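From just these sequences and the hints, can you work out the full model?
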Amino acid sequence: MTTTRTIGCLLAAVLAFGAGPALADTTLRLSEPMEPGSPEAMALAAFKANVETQSGGRLRIEVHLRDALAAARSPLEGLRTGTIDLYTGPLDTYRPIAPQEIGVLALPYLFASAEHLRRYLDSPTFERAERRLIESGIRFVSTDFNGVRGPDRVIVAIRPIRTPADLDGLRIRVNNDDLATRSWRSVGAVPVALGWNETYLALRRGVAEAAAVPLGRVRASHFAHVAPFVTATGDSPRVWPMAISERVWKGLSALDRAVLVEAANQAGRVYTGLAAEDAARDLGDAVMADNAVLAAIDPAPLRARMAPVWEELIVRGLLSRDVYDTVTALAP
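Residues 24 to 355 in this note's numbering are what the sequence shown spells out, letter by letter.
This list has only true hints and no planted wrong ones.
No more than 16 Å apart at the CA atoms, straight line, and that leaves these computed lysine to aspartate or glutamate pairs for EDC-like:
id	residue 1	residue 2
1	K273	E158
2	K71	D48
3	K71	E85
4	K71	E285
Simulated restraints on C-beta separations:
id	residue 1	residue 2	range
5	G340	R227	38 to 44 Å
6	T49	D200	39 to 45 Å
7	D191	R96	39 to 45 Å
Bear in mind the hints are in silico, worked out from the structure with no lab data behind them.
The structure presented is a predicted model; accordingly, all values stated were derived computationally and were not measured.
Ideal Cβ placement from N, Cα and C applies to all residues, glycine included.
Here it is in structure tokens:
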């Protein structure tokens, strides 16, 4: 994996040597699923300014929010076919290309900490995923994978959740998703399949007693109005990388590649800070508006309860023993 330091040295060396003949202006179209005003949108505004300044205007960035460029097809298809030049979104977006190496990131509580996740992203096992993406026509331009929102979710509930034992028998809303259902059942909860738009009324009526909500969406969901007990369970952070079409990458000069990588890694750092501020503001708003009560529980017992699920996934061929062993060996 190319480090920021290496890219920085390359950029400095090229600048010191001189850019040579003037390079043609290039406009790169970037698609992002989130909306204006989000941490993602603000980080991309910084990315755009950084790239255009550092390239002396040779590179121009068009940021299209709400997946405007990917509306009719998947982001992966867009990157391959040329309708998208750059894409930002959850790392899980790329799971179809490397289902084992990237799919493992979606397993609840498998990663003990952000540092544990970092070790995995720096491992030879994850480098296999990067190679498969390149072979399929997509390359990560974020080489540091430092754009994270963590923890990604909290539980809102109609009663306090202060220990893992409080999850026993808790009726929790889930999507119609097999892994989510098995995972919540494994930690003692009772999954209730409901659509997102059905959740508020289900919580109000007691059909469901809890729901997992992305941080940054607690106040907007209004769930805390009827389920005011908000608990962090130590779930893994969400990684927000930037990818580029390999076809576009090959058409760029070494200087412009270095500019993009440096700016993408900087955008990751900006995003991490903004996401943390957004999460704190979201929870603060829930406390002020809905009298939400905040708590956190130790995820270690939940991780232990999940072990049978991971073993079952290995038996069913949905989780590679090699990938699982790598992750567990890297645990602190």
